[in-house]
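**Student:** Sequence:
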Amino acid sequence: MNKKTRKIKVQDKNYVYVINQKYHQGVSEINLSVSLKGQKNVTCSFQFCTWDDPISGSPLLVGVHLKKRASDDIEGFNLNYPGVVK
1 MNKKTRKIKV QDKNYVYVIN QKYHQGVSEI NLSVSLKGQK NVTCSFQFCT WDDPISGSPL
61 LVGVHLKKRA SDDIEGFNLN YPGVVK
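Just so you know, the sequence shown maps onto residues 1 to 86 in this note's numbering.
Please keep in mind that the hints were generated in silico from the structure rather than gathered at the bench.
One thing to keep in mind: the hints can contain errors.
Said to hold, decoys possible - When the alpha-carbon atoms are kept at most 20 Å apart in a straight line, the in silico EDC-like pairs for lysine to aspartate or glutamate are as follows:
1. Lys22 / Asp53
2. Lys22 / Asp52
3. Lys86 / Glu75
4. Lys40 / Asp12
5. Lys37 / Asp12
6. Lys4 / Glu29
7. Lys22 / Glu75
Stated by the list, open to error - DEER-style ranges, computed between Cβ atoms:
8. Asp72 / Arg6: 17 to 25 Å
9. Val64 / Leu36: 25 to 33 Å
10. Gln39 / Lys86: 16 to 24 Å
11. Asp12 / Thr43: 18 to 26 Å
12. Cys49 / Asp12: 29 to 37 Å
13. Lys86 / Pro54: 27 to 35 Å
14. Val42 / Leu66: 26 to 34 Å
15. Gln47 / Val10: 16 to 24 Å
16. Val10 / Asp72: 23 to 31 Å
17. Leu66 / Ile8: 18 to 26 Å
18. Pro82 / Thr50: 32 to 40 Å
19. Asn78 / Thr5: 17 to 25 Å
All of these numbers come straight from a predicted model, not from anything done at the bench.
Glycine included, each C-beta is placed from N, C-alpha and C at the ideal position.
Can you build the whole structure from these sequences, using the hints too?
**Tutor:** Next comes the structure, spelled out in structure tokens:
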């Protein structure tokens, strides 16, 4: 997966984030790095480790349905959606 810097705005502040993914032996390692725009030396990084399906891919990047406990609604979770990163 190519590094692609994406932009997002949260409460009048501009942020940039990058999602990187590595595959090895059926495991998908995803790294999400978020920083303020113009301050790339200070980042907040999240690392996720899930299984990897050879046909459909990683569930966090392809999408998975999750149930909210408070409201019992079903919600689609995908790290490629800016609302999820927000």
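**Student:** Hint by hint, say whether it matches the structure.
**Tutor:** Here is what the structure says about each hint:
At roughly 13 Å between alpha-carbon atoms, Lys22 and Asp53 fall within 20 Å of each other, so this suggested pair holds. Distance restraint check for Lys22 and Asp52: the Cα-Cα separation of roughly 10 Å lies within the 20 Å cut-off, and the hinted pair is therefore satisfied. Distance restraint check for Lys86 and Glu75: the Cα-Cα separation of roughly 15 Å lies within the 20 Å cut-off, and the hinted pair is therefore satisfied. Under the criterion of a C-alpha separation no larger than 20 Å, the hint pairing Lys40 with Asp12 is consistent with the structure, at around 18 Å.
Taking the CA atoms of Lys37 and Asp12, the gap is near 12 Å; set against the 20 Å cutoff, the hint holds. Distance restraint check for Lys4 and Glu29: the Cα-Cα separation of roughly 17 Å lies within the 20 Å cut-off, and the hinted pair is therefore satisfied. At roughly 26 Å between alpha-carbon atoms, Lys22 and Glu75 are farther apart than 20 Å, so this suggested pair is violated. In this structure the hint that Asp72 and Arg6 lie 17 to 25 Å apart at CB is violated, the actual value being about 31 Å.
For Val64 paired with Leu36, a C-beta distance near 29 Å keeps the hint of 25 to 33 Å intact. With their beta carbons about 18 Å apart, Gln39 and Lys86 fall inside the hinted range of 16 to 24 Å. As the Cβ distance of Asp12 to Thr43 is approximately 20 Å, the hint placing it in 18 to 26 Å holds. The hinted window of 29 to 37 Å between Cys49 and Asp12 holds, with their beta carbons roughly 34 Å apart.
Taking 27 to 35 Å as the suggested C-beta distance range, the pair Lys86 and Pro54 conforms, at roughly 31 Å. About 30 Å separates the C-beta atoms of Val42 and Leu66, a value consistent with the hinted range of 26 to 34 Å. About 21 Å separates the C-beta atoms of Gln47 and Val10, a value consistent with the hinted range of 16 to 24 Å. Against the hinted window of 23 to 31 Å, the Cβ-Cβ separation of Val10 and Asp72 comes to about 27 Å, which satisfies the hint.
About 21 Å separates the C-beta atoms of Leu66 and Ile8, a value consistent with the hinted range of 18 to 26 Å. At roughly 20 Å, the beta carbons of Pro82 and Thr50 sit outside the given window of 32 to 40 Å. Roughly 19 Å separates the CB atoms of Asn78 and Thr5, a value that falls within the hinted 17 to 25 Å.
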